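So the protein lines, in turn, are chains A and B. Under our numbering, the first residue of the first sequence carries the number 1, and numbering increases by one thereafter. Under our numbering, the first residue of the second sequence carries the number 1, and numbering increases by one thereafter.
Derived by calculation from the structure, the hints in this document are not laboratory data. Since this is a predicted model, take the numbers as computed values, not measurements. Cβ atoms here follow ideal geometry from the backbone N, Cα and C, with glycine treated the same way. The reader is advised that the hints may include incorrect statements.
[Said to hold, decoys possible] To give an idea of the interface, some chain A residues facing chain B are shown, with a C-beta separation under 10 Å as derived from the structure:
(1) Ala16
(2) Pro58
(3) Ser136
(4) Thr204
(5) Lys213
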Amino acid sequence: MLMPHEELMQRAADGAITAEEAQGLAGLVAQSDVARSEYESLLHLVRELDAVPLVAAPPVRDAVLAQLRSQAALRVAPVAGAASGWRRRRVFALAWAAAAVVVIGLAIERLPMVGPVPEEHAAGTMTGAGFSAWPSVARFASGGSTLVVRRSGDRIAFQPRILTDAPIEVQWDPSQLTFSEAEGAADLHDIERGTVRFPDASRTVVVVLKSQKPGGTAIVQVTSAGREMFRWTVASP
Amino acid sequence: MDEEQLDREAVERCRGGDLEAFGGLVERYERPVFNTILHMVGDGEDARELCQQVFTKAFEHLASYDRDRRFFSWIYRIAVNESINHLHARRRHVPLGEDLQERLPNPAEACEELERSSHLHEAIMRLDENYRAVIILHHFLHLSYGDVAEVLHLAEKTVKSRLFSARQLLRVAMEARGHAHAS
Numbered sequence: 001m002l003m004p005h006e007e008l009m010q011r012a013a014d015g016a017i018t019a020e021e022a023q024g025l026a027g028l029v030a031q032s033d034v035a036r037s038e039y040e041s042l043l044h045l046v047r048e049l050d051a052v053p054l055v056a057a058p059p060v061r062d063a064v065l066a067q068l069r070s071q072a073a074l075r076v077a078p079v080a081g082a083a084s085g086w087r088r089r090r091v092f093a094l095a096w097a098a099a100a101v102v103v104i105g106l107a108i109e110r111l112p113m114v115g116p117v118p119e120e121h122a123a124g125t126m127t128g129a130g131f132s133a134w135p136s137v138a139r140f141a142s143g144g145s146t147l148v149v150r151r152s153g154d155r156i157a158f159q160p161r162i163l164t165d166a167p168i169e170v171q172w173d174p175s176q177l178t179f180s181e182a183e184g185a186a187d188l189h190d191i192e193r194g195t196v197r198f199p200d201a202s203r204t205v206v207v208v209l210k211s212q213k214p215g216g217t218a219i220v221q222v223t224s225a226g227r228e229m230f231r232w233t234v235a236s237p
Numbered sequence: 001m002d003e004e005q006l007d008r009e010a011v012e013r014c015r016g017g018d019l020e021a022f023g024g025l026v027e028r029y030e031r032p033v034f035n036t037i038l039h040m041v042g043d044g045e046d047a048r049e050l051c052q053q054v055f056t057k058a059f060e061h062l063a064s065y066d067r068d069r070r071f072f073s074w075i076y077r078i079a080v081n082e083s084i085n086h087l088h089a090r091r092r093h094v095p096l097g098e099d100l101q102e103r104l105p106n107p108a109e110a111c112e113e114l115e116r117s118s119h120l121h122e123a124i125m126r127l128d129e130n131y132r133a134v135i136i137l138h139h140f141l142h143l144s145y146g147d148v149a150e151v152l153h154l155a156e157k158t159v160k161s162r163l164f165s166a167r168q169l170l171r172v173a174m175e176a177r178g179h180a181h182a183s
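All chains, please: the whole structure from these sequences, using the hints.
Structure (structure tokens):
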């Protein structure tokens, strides 16, 4: 609970007092060194806070619109009106799955390209900053774990954050996708078979895959301790 | 035409299915929304994800947006709520003092010219999220007491009370770090 003089100082620091109140405050700080010091300290803090500049925001417009377009397309999946409950759910699930494959492909196709792949990515040495600048295509969350999928040209980056102490694996169809890069202490022994392992799931991990065949689709799975955590269907442009 | 009018027209166009109009709103608000989230959660990558999530959510809930309210107060409220939800989820899964400390923030990098800024931002990050929100909205986004109250759905006197308490806490924290104001 603030004392009346403290409340007055706070409002004065925000320029929210009347002329009469300002006179009263001036008298107070003139009479008391403690009050003057307190008021000056507050003014200093307020000036400092007010001077904190807004940082430039990363451009999210294109990613937001791409995500909304893909979601809007997913919503048109029809549900048979006359079907019974379980059947309706099954029809919807099948329609959703079919639509997802098609729409994800369309969504990826329509995603704004960010131009030629930057050299640092083409060279196979990925940096967190470079990766994070790619537009995200999708973000999934389940039980505190997340998977962020980003895309730049024909490269797709998968960044899982799995709440587990067990190693995690990212698996894909090697006939459709090729391994490009990884970040985060990866075991790369099985990349020819389409698997990267991360023994330490607590660290930030990223796998970048490259589309192999135009027009193809491939499933990428994130698993931990033999359990599938996330699944994403990649449609090559 | 003022910004509120521009916002209203853009929202109407969005409701009519014009996605590009929503793109305009994103461009207009991405900076303050991103900064709000950044200072709330203290992690640039999380802030970027959440910023995208806030706008997606806003679009999905445009039908429930009250046209009598100003758009900025609605979008900022979503940003604050999403940030708080994120912080609560992170708190459940990440023990403080371990990973969180490593990932914690560096919004201070953007204002290196300010002496004491690093300690100030650390002190802000240690505030309760309700206090942090009023500091961000009032001082960084320069909203009035009334506007902050509108964003957070609080009485104006509650905003003042939280703001004043938050500043008291910041002063104490700064003094404890040896940044007493030299009078």
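Against the structure, the hints come out as follows:
{"no.": "1", "hint": "Ala16", "in the structure": "holds, 7 Å"}
{"no.": "2", "hint": "Pro58", "in the structure": "holds, 5 Å"}
{"no.": "3", "hint": "Ser136", "in the structure": "holds, 6 Å"}
{"no.": "4", "hint": "Thr204", "in the structure": "holds, 9 Å"}
{"no.": "5", "hint": "Lys213", "in the structure": "violated, 30 Å"}
Going through the hint list in order, the structure does not satisfy hint 5, though it satisfies all others.
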